[in-house]
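J.: So the chains spell out like this:
Number of protein chains: 2
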Amino acid sequence: MAAFPFEIRARDGAARAGVLKTPRGDIETPAFMPVGTAATVKALTMDQVRATGAQIILGNTVHLMLRPTAERIARLGGVHRFSGWTGPMLTDSGGFQVMSLAALTKVTEEAATFASPIDGSRHVLSPERSIEIQADLLGSDIVMQLDECVAFPASKERAEEALRLSARWGARCKAAFGEREDQALFGIQQGSTIRALRRESADRLIEIGFDGYAIGGLAVGEGHEAMCEVLDYAPGMLPVHRPRYLMGVGKPVDLVEAVSRGVDMFDCVLPTRAGRHGQAWTRRGPVNLKNARFAEDDEPLDATLDCPASRDYSRAYLHHLIKSGEILGQVLLSWHNLAVYQALMRDLRAAIAEGRLAEFRKSFADDGPAEAA
Amino acid sequence: MAAFPFEIRARDGAARAGVLKTPRGDIETPAFMPVGTAATVKALTMDQVRATGAQIILGNTVHLMLRPTAERIARLGGVHRFSGWTGPMLTDSGGFQVMSLAALTKVTEEAATFASPIDGSRHVLSPERSIEIQADLLGSDIVMQLDECVAFPASKERAEEALRLSARWGARCKAAFGEREDQALFGIQQGSTIRALRRESADRLIEIGFDGYAIGGLAVGEGHEAMCEVLDYAPGMLPVHRPRYLMGVGKPVDLVEAVSRGVDMFDCVLPTRAGRHGQAWTRRGPVNLKNARFAEDDEPLDATLDCPASRDYSRAYLHHLIKSGEILGQVLLSWHNLAVYQALMRDLRAAIAEGRLAEFRKSFADDGPAEAA
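In order, the protein sequences belong to chains P and R.
Each residue of the first sequence is one higher than the one before, starting from 400 at the first, in this note's numbering.
Each residue of the second sequence is one higher than the one before, starting from 400 at the first, in this note's numbering.
Certain hints may be false.
Repeated chains share a single entry, so a pair holds when one copy, or any two copies, can fit it.
Claimed, not checked - Below, in silico cross-link-like pairs of lysine-lysine (DSS-like), each with a Cα-Cα straight-line distance of 27 Å or less:
#  : residue 1 : residue 2
1  : K505      : K441
2  : K761      : K505
3  : K689      : K441
4  : K689      : K420
5  : K573      : K650
6  : K505      : K650
7  : K505      : K573
8  : K441      : K722
9  : K650      : K441
10 : K420      : K573
11 : K761      : K722
12 : K722      : K555
Source of the hints: derived by calculation from the structure; they are not laboratory data.
Please take these sequences and the hints and turn them into a complete structure.
T.: As structure tokens, this is what we get:
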């Protein structure tokens, strides 16, 4: 039995617009989840994040288990109380971080073992421990199964091995998670860019039965075209009545293409990371505010957005802040970029509801990315 | 004729509570001005600064003339439009920065010449140029005369030389400034910690005639006791009906002592700088949030303050943010510290209005600083 009702309210081609109902609030889909790695969406207050229209954020299991530790967050009342985010939160399982961030990672049937990038200490992350951290200690609303995410490119053998281990870990996660009314567990499809493996992974996940299904193992270097090719078939392999979440994606154009292929949820560090480095997303692509052509540009980034960072400051001022290394520059560009992403999701939901997604997608492709960063 | 009406509404001993009326808004005194060095109060939005109760902020002439340049700010509509601060702004003249920040500084009768710490380029700051930058290009509300601020300790000869040059520069600033209805010009008393020189400086300034009078050349290493000794006599040498501004001061205890001695205005980087380094001011003195004793402290910094940073986040969360090098930690502690400072100024104004400043001062001295940083 699915923990959270997921109502699909409109369809347009393969795309869906719906609502995922959670005890901490509704999530309109397609949804973009800002990444709050260490229990903070970098540089922003939760009020600022909320003001962009974000209805759910993501937290990182590996970061939080290392600092301040999941047990400490539990003693402090859970990750919502700790961070001040009162809406739903999804936590990743740690599978991707163990591959990408940690050192000396060793994966066995039992668990992943890795070294902390903070102090080198050794840690063990098993499926059961990942569930304990996410569901019991952090108190996450949407819990992800532990998976093994392989780098790109991967041999067929390597990808097959990883998807099968991920499926076995998924079953152990399901057993550890049990039945819960107020929390949901999502499985993660693997299989690299190989269609038969994506099919096998999906079938194994469906057999276990999850509350939602993620498409993992993309945005790991395969590029936009290869990703779109996988998305031509992968979402359709997953249950139609449950949310589909494309992990770690992406640029606005990636979101538009993935939504058009039936994806409902996304997360990505790009808007906040780019913001901290002086890059602003616009409807016509990314621009770098360090560029001298903004030095006396008195226009705001986007006066049509209901976000102070987008509307109330000139590009000249933002250029000055970024050139001067001022924290406020990082704050405002992170804030603006999240506002751009949430506005895009609203536009996509409206386009689906009104049956004009193909038109929207075409105009989006025509508009951008028009400028290099 | 004074540009801005200054109404003293209550007195308590040497202390005064009043209102300085400017075209961009009233400033209740005693007032603390957050420092917005490079047209940003570091790490904060102007909305956050305003929400603490700040009614005026300070900008730095030397920083702004070097980057983005005063001419550029003028082309962009002045420093208010550029920064988004709509209230009154005071700009320092550059005298202190030339001494403290710049390299290869050379002071002649005509002007100070110095090298930019950004790119080593040479710049000349004369009294006339300082007024042009502040009053005409930036569009500051309260313009400071250019002065020569000597380091501490200074010989009597050196201090005398500097105060006399400052007085001659003050006269040139006054001539360059002329008569203005919507901007004010403040003179700066020098004279180090030598009473006779403070007297001579005050007399020279009064002869020129300014809209307000600053006490300069303190908070340069002389220490709290020596500063208080100067403040026992220096404010009383300045006109009673004009605002008195103690430049670059200070810790909360410095503000309480200076207000008790008749000072009306202050600026200091301490609350924001300390915040960026993990230090929070409390009624009982400064505490360092990095300290392990805050790791599981579930209390907010100060639930009695009407500031989200003080009220809505646990010390444990702030500890985590600071330990993790998260920008939000710097934002929240800077915000909280400014809220503490503005609350202190409100308390001081109320104590003066109600004739209980001596009592307030005693309880403040008893309360703090109780803890080492």
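J.: If a hint holds in the structure, say so; if it doesn't, say that too.
T.: We went through each hint and held it up to the structure:
1. K505 with K441: neither (29 Å within a copy, 43 Å between copies)
2. K761 with K505: Answer is neither: 45 Å inside a copy and 63 Å across each miss the 27 Å cutoff.
3. K689 with K441: Classified as both: same-chain Cα gap 20 Å, cross-chain 19 Å, threshold 27 Å.
4. K689 with K420: Close neither inside one copy (41 Å) nor across copies (39 Å); limit 27 Å.
5. K573 with K650: For K573 and K650, neither the intra-copy (32 Å) nor the inter-copy (56 Å) Cα distance is at most 27 Å.
6. K505 with K650: neither (31 Å within a copy, 52 Å between copies)
7. K505 with K573: Answer is within: at 23 Å inside a copy they meet the 27 Å cutoff, but 74 Å across does not.
8. K441 with K722: both (20 Å within a copy, 14 Å between copies)
9. K650 with K441: within (18 Å within a copy, 30 Å between copies)
10. K420 with K573: within (21 Å within a copy, 67 Å between copies)
11. K761 with K722: neither (36 Å within a copy, 46 Å between copies)
12. K722 with K555: This pair counts as neither: shortest intra-copy Cα distance 47 Å, inter-copy 42 Å.
Violation of the numbered hints given earlier is confined to hints 1, 2, 4, 5, 6, 11 and 12; the remaining hints are satisfied by the structure.
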